[in-house]
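Trainee: The opening residue of the sequence shown carries number 4 in our numbering; numbering runs sequentially from there.
Worth flagging that the hints you see were computed from the coordinates, not collected in a lab.
Hints may contain errors.
As the list claims (entries may be wrong) - 27 Å max Cα-Cα, derived DSS-like pairs, lysine-lysine: (1) 31 to 43; (2) 59 to 75; (3) 39 to 75; (4) 44 to 75.
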Amino acid sequence: MPQITRCEGWTRRGGAFTFGPVTWHQCKNDATVIIKFKQKKEDVTTLPSCLVCWQKCMDAEHIKILSVEPIKETP
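Make the full structure from the sequences, and use the hints.
Mentor: This is how it looks when you write it as structure tokens:
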């Protein structure tokens, strides 16, 4: 049975326009790629990601994607 990796993306919910507290929720999708990226002045980070979170990374101005590799299935 192949090992399934969970996406490490997080989504912010709530805040300014909802007048409620800000909460963060981890993505529940299975990861399909490994993204290596850099945020602002932080170190380079490597995380598994689903296609939805990968698209959010590409759309974000403060995230620079360095490389993307597909996750290889292991038997």
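Trainee: Against each hint, give a clear statement of whether it holds in the structure.
Mentor: Quick rundown of the hints versus the structure:
1. 31 to 43: Between residue 31 and residue 43 the Cα gap is close to 26 Å, so the pair holds against 27 Å.
2. 59 to 75: holds, 22 Å
3. 39 to 75: Cα-Cα ~16 Å, so holds.
4. 44 to 75: violated, 30 Å
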